[in-house]
Amino acid sequence: MVPGAGDDVGDAMVEPPSRRRFLTNIWAGLGVVALLQFLAGAAFFLTSGRKRTGKKSAPLLEAGLVGDFPTGSVTLIRKGNLYLTRLEDGGFLAISKKCTHLGCAVPWMAERKQFECPCHASIFDITGDVIKAPAPRALDLYPVTINRDMITIDTSNPLRRSGFTPEQVIYPEERG
Amino acid sequence: MSSSLFLHFRPRRVPKDALRFTLTWGLGGMAALMIVQQLLTGLLLGFFYEPVPVRAYESVQHIQNSIFLGDLVRSMHHWTGHFLVVVIALHLLRIFFNGAFYPPRRRNWLVGLAMGVLILTANFSGYLLPWDQLSYWAVTIATSMLSYVPLIGSSLQEIMRGGPEVGAATLQLFYSIHTTFVPVSLFLLMGYHFWFVRKAGGILVPKRKQSGETEKSTSVPAIPELLVREMAFAALVTCCILLFSMFIDAPLGNMANPELTPPTVKAPWYFLGAQELLLHVPPIFAICFLPLSIGLFLTLLPFTRQKDGKPTTLIKTLFITGALFMLILTITGIWFRGQGMTLVMPW
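Chains A and B supply the protein sequences, listed in that same order. For the record, in the first sequence the residue sitting at position 137 is 1128 according to my numbering, with numbers rising by one throughout. For the record, in the second sequence the residue sitting at position 182 is 368 according to my numbering, with numbers rising by one throughout.
Because the hints were derived from the structure by calculation, they are not lab data. Just so we're clear, the structure is a prediction, and the values are computed from it rather than from any experiment.
The calculated SDA-like cross-link candidates involving lysine to any residue, where the alpha carbons are at most 20 Å apart (straight line), are:
(1) B/Lys452 to A/Ile1114
(2) A/Lys1070 to B/Glu445
(3) A/Lys1070 to A/Ala1096
(4) B/Lys452 to B/Glu351
Hey, can you work out the whole structure from these sequences and the hints?
Right under this line is the structure:
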């Protein structure tokens, strides 16, 4: 007899494997619990590290004065990896450089007045709206504020949009 | 002593039929050999490689230009990584057509699939490490494909990149996966894979229809019959890889520049099927439905009904159609897509 098997001797004698099976199941269960603990711990370990390193410095970017940007122009703002577009009517749009299809950097083709993605040939107009697929939606926008002629772009989170609407354009103060 | 070590991996006697080269085409053994080679060349590269942006590119240049045999070691690691994907795909085909995934080999088929995923992971994570334009943008494109997964897409993408963009965190993540997670898991599963082949009574020898019983019972000693064949084949494969790597250097483009996408950039070739599909069908189908259904099909395969130890005609048709479909898409993506993904002729 197994030492320490005192009180349920009867059961053990009738069905010897059941207690062993019970103990084995406990072991297996404990193993699963230990595994889950490890996985949860590892997940927290990895995600907490990500937050610390993922922090970005200064999300507010001062692009320049309104007068620096001629109408109908597209200027690459290197620091924020985005374009500042000034439309013919004087309004501003801060357009992300990242293609909405698969994330390639989209260059501005000044001679054809459009953004052309080198990866899969998506084409966008000056407002970032899609002219040619496969891009599924217009280029992302960054919020622009104009205060006393100084253009400030919030680069912390790009805004997704399906297409261009006139409400997206920000105008300098005198136009109200 | 070395012979008794060999006999821990191999039975003492093997059926003569199992030695036939056209039975296995040496594919499983070739994959194992290549994995060991990757471990060795990777170990060497690891002594000089620095997994930090800018330094990564410079250290690869250093390996390439200043280290004795550095370019050869890097080329071998690079090309073997690509060949390995082809070899395991062929290995999978061979196992499928021999029906060597039904019980008692069902569990081993699943282990093999897991190893296949690991090898793709190794290959993909290694893609980023040189930190040149191709690796940066190919990984950007491939991880961007994840953002099309419904609901969890953008979080998945951020987990894969270790942040919103491909950068230092991505490089460190890919480096750890490439040099620790994959090799350790792969070697554990390899042990299991080999052990399970023996446990199932050696490799599957399909019954020949006309042959009598006498032929089936002939067996030969594993040493030297099997050993010599395996060694000779391993030498031949190693020789081919060496020659290939001597004459064709692993490519290294300009250093990664997150501001400028080069004119022709594609995802790694084994993802080009999915990328090609992405041009023709809604993203949810190409990125989500297709990989899930391939995975599900392959996982459930050993649970399907069999006919004389072979898959039924329906399963075979499904499998062949799917494989051909992916092959055509991949070939189109690799050779028939030029700048801006326009259709071009490769010649």
